[in-house]
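Participant: Chain by chain, the residues run as shown.
2 protein chains.
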Amino acid sequence: MDRRVRSSVAGPKGILAAVLTPMDEDLKPNHHAFAAHCHRLLAAGCHGLSVFGTTGEANSLSVNERLAALEGLVDNGVPVETLLPGTGSCALTDTVRLSRAALGAAGVLVLPPFYYKGVGDDGLFRFFAEVVERVGDDRLRLYLYHIPQMTGIDLGLPLISRLVDAYPGVVVGTKDSSGDRERIMTLCREFPDFSVLAGTETLLLDTLRGGGEGCISATVNVTSRLARRVHDAHASGKDDEAEALQERLTQVRMSIEAYPVIPALKQLMTRLTGDEEWRNIRPPLSGLDERRTKDLLTNVPLAELL
Amino acid sequence: MDRRVRSSVAGPKGILAAVLTPMDEDLKPNHHAFAAHCHRLLAAGCHGLSVFGTTGEANSLSVNERLAALEGLVDNGVPVETLLPGTGSCALTDTVRLSRAALGAAGVLVLPPFYYKGVGDDGLFRFFAEVVERVGDDRLRLYLYHIPQMTGIDLGLPLISRLVDAYPGVVVGTKDSSGDRERIMTLCREFPDFSVLAGTETLLLDTLRGGGEGCISATVNVTSRLARRVHDAHASGKDDEAEALQERLTQVRMSIEAYPVIPALKQLMTRLTGDEEWRNIRPPLSGLDERRTKDLLTNVPLAELL
Chain A
1 MDRRVRSSVA GPKGILAAVL TPMDEDLKPN HHAFAAHCHR LLAAGCHGLS
51 VFGTTGEANS LSVNERLAAL EGLVDNGVPV ETLLPGTGSC ALTDTVRLSR
101 AALGAAGVLV LPPFYYKGVG DDGLFRFFAE VVERVGDDRL RLYLYHIPQM
151 TGIDLGLPLI SRLVDAYPGV VVGTKDSSGD RERIMTLCRE FPDFSVLAGT
201 ETLLLDTLRG GGEGCISATV NVTSRLARRV HDAHASGKDD EAEALQERLT
251 QVRMSIEAYP VIPALKQLMT RLTGDEEWRN IRPPLSGLDE RRTKDLLTNV
301 PLAELL
Chain B
1 MDRRVRSSVA GPKGILAAVL TPMDEDLKPN HHAFAAHCHR LLAAGCHGLS
51 VFGTTGEANS LSVNERLAAL EGLVDNGVPV ETLLPGTGSC ALTDTVRLSR
101 AALGAAGVLV LPPFYYKGVG DDGLFRFFAE VVERVGDDRL RLYLYHIPQM
151 TGIDLGLPLI SRLVDAYPGV VVGTKDSSGD RERIMTLCRE FPDFSVLAGT
201 ETLLLDTLRG GGEGCISATV NVTSRLARRV HDAHASGKDD EAEALQERLT
251 QVRMSIEAYP VIPALKQLMT RLTGDEEWRN IRPPLSGLDE RRTKDLLTNV
301 PLAELL
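Chain order of the listed sequences is A and B. For what it's worth, my numbering labels the leading residue of the first sequence as 1, then goes sequentially. For what it's worth, my numbering labels the leading residue of the second sequence as 1, then goes sequentially.
Keep in mind the hints are simulated off the structure, nothing from the lab. Among the hints, erroneous ones may be present.
To be verified - Okay, the calculated bits of chain A under chain B, using three or more residues with CB under 8 Å as the criterion: (1) 57–68; (2) 87–93; (3) 114–126; (4) 275–288.
Said to hold, decoys possible - Heads up, simulated DSSO-like pairs for lysine-lysine below, C-alpha to C-alpha not over 27 Å straight-line: (5) B/Lys-238 / B/Lys-13; (6) A/Lys-117 / B/Lys-28; (7) A/Lys-117 / B/Lys-117; (8) A/Lys-13 / A/Lys-294; (9) B/Lys-117 / A/Lys-294.
Built from N, CA and C at the ideal position, the CB exists for glycine as well.
Based on the sequences and whatever the hints tell you, model everything.
Facilitator: Following this line, the structure appears as structure tokens:
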């Protein structure tokens, strides 16, 4: 690890929540509750907010709904420079439109187009290249969102290398939700000017030690305080403390991961805020049934959350 | 097989092309060329036109692009009642908007939401139910689009049964692109008031004999004349002739299927029309390279196409 080299990396670092999207009875994003949740997460220690990711049900929202919700956050005082909005979509033109709208943000997190399978690196390269060219703005900071269990698409290292070489200073990082520790370590090692953020806080300390920037995680919606303590202990060189805190963080994460994560988190937010609206979720996702909800609320250490 | 029962099924029957979308240099749908291709397919024997499916690169287009292209077809004289537009999307609100816009058509072909994996039948049921309720119009005729190799979603028979029971006369059929002959035969047998269309013309005669309605196929963009002859020979009880024609149709299909199908078809259209614009394709798909194009044009019986 060479901290000097990696310290030159700008953009989102540390603890980022993959922010949940609260919805009203009609399943429309509730802009007020959304901004309130963002403020709550920043107050609880998050360095940044990855809105409109998998956890945020972004692909269950139309482009217009995403644009309106982003505007709603800014209008409600969420600092735009803390945001890393997801702008991925199957359609090139949608990703371009969303990415342009997010140009003031810390960066954009871009899924590969995920409808067609087995398309090959040339087609994927061309997609990302077209996004960069069509956005056509120096402010663009593009983070590659690798989550093969949803997309069915492998963003392999040769493709990442090709994109970084073609667009230095623009293709600047990745959120890696593969859960593959070795891959994350390799990315940290082989791409020194590239921000690597793990998709789960169970790999937070490993990623930081490997020279990565931190994590972007669904469960950070409720574990931000604890995740921040791991980060800070590491940053101040308190290795033993960082390790002990990481162990606890992993336990808490695992207690939530035993359930379908997005419904479980929406259920936990219902409990933590007292607001029943948090239960609303867009199909194809479904809420937890009564039995599993009871089970979840028994098994998760509520007092340690948020 | 009971032809009397199945003859009560309304809506698209026979030979439907999964219509390609021609695009200009900027990769925008070319409305004029699109309508011209639709007219060409109807003249070549297609009973109907399944626009905006997998072959039509629909998920690579924004919702606004799909709406404009649909309007362009109608404005250019393509009879709306011949159309079965794809209106599937990951976002409930997009599918509702697209399906409403297509209400004058023969029906709409709806993918399951395909971002999240492993969501379970309750979430999928709720998605389709919300589409039906939100469109809220008696004219809606919904066809379930089963293509698990792209969506990663299994539309199982219990789910189909539940949807047909909940929305009789609305959830009226399926395009089955699984390539699973047994599944198609089972659907024909167990869902008598349900239109079954195979996703490949290699199963055309089998599907017709099993009591299904026909096929919706990518390669029908160039095989429509031959596919129609299979259909007509079957309809007039000429079993031997139907079988011989089906054998040839399958051979032709296989000669195209040896290449990535959508790029190969766009290449064939380039050759058949002399219009180079047909080569344009949106990423993540890529055109065929020179070597494979040459190979394709040698191995496919050009004289028998369209």
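Participant: Does each hint fit the structure? Answer for all of them.
Facilitator: Checked hints:
Note: the segment 57–68 of chain A has 6 residues with beta-carbon separation from chain B under 8 Å; the three-residue rule is met and the coverage holds. Residue count for the segment 87–93 of chain A with a Cβ under 8 Å from a Cβ of chain B: 4. That meets the three needed, and the coverage hint holds. Counting residues of the segment 114–126 of chain A whose C-beta lies closer than 8 Å to any C-beta of chain B gives 10; at least three are required, and the coverage claim holds. Counting residues of the segment 275–288 of chain A whose CB lies closer than 8 Å to any CB of chain B gives 5, so the stated coverage by that chain holds, three being the minimum.
This hinted pair checks out: B/Lys-238 and B/Lys-13 have alpha carbons roughly 19 Å apart, not beyond 27 Å. For the hint linking A/Lys-117 to B/Lys-28, the alpha-carbon distance of about 22 Å falls within 27 Å, and the restraint holds. Pair hint A/Lys-117 plus B/Lys-117 holds up; C-alpha atoms about 14 Å apart against a cutoff of 27 Å. Distance hint between A/Lys-13 and A/Lys-294 is unfulfilled; the C-alpha atoms sit about 35 Å from each other, more than 27 Å.
Restraint check for B/Lys-117 and A/Lys-294: satisfied, since their Cα atoms lie roughly 25 Å apart, inside the 27 Å limit.
In this structure, only the earlier hint numbered 8 is contradicted, and the remaining ones agree with it.
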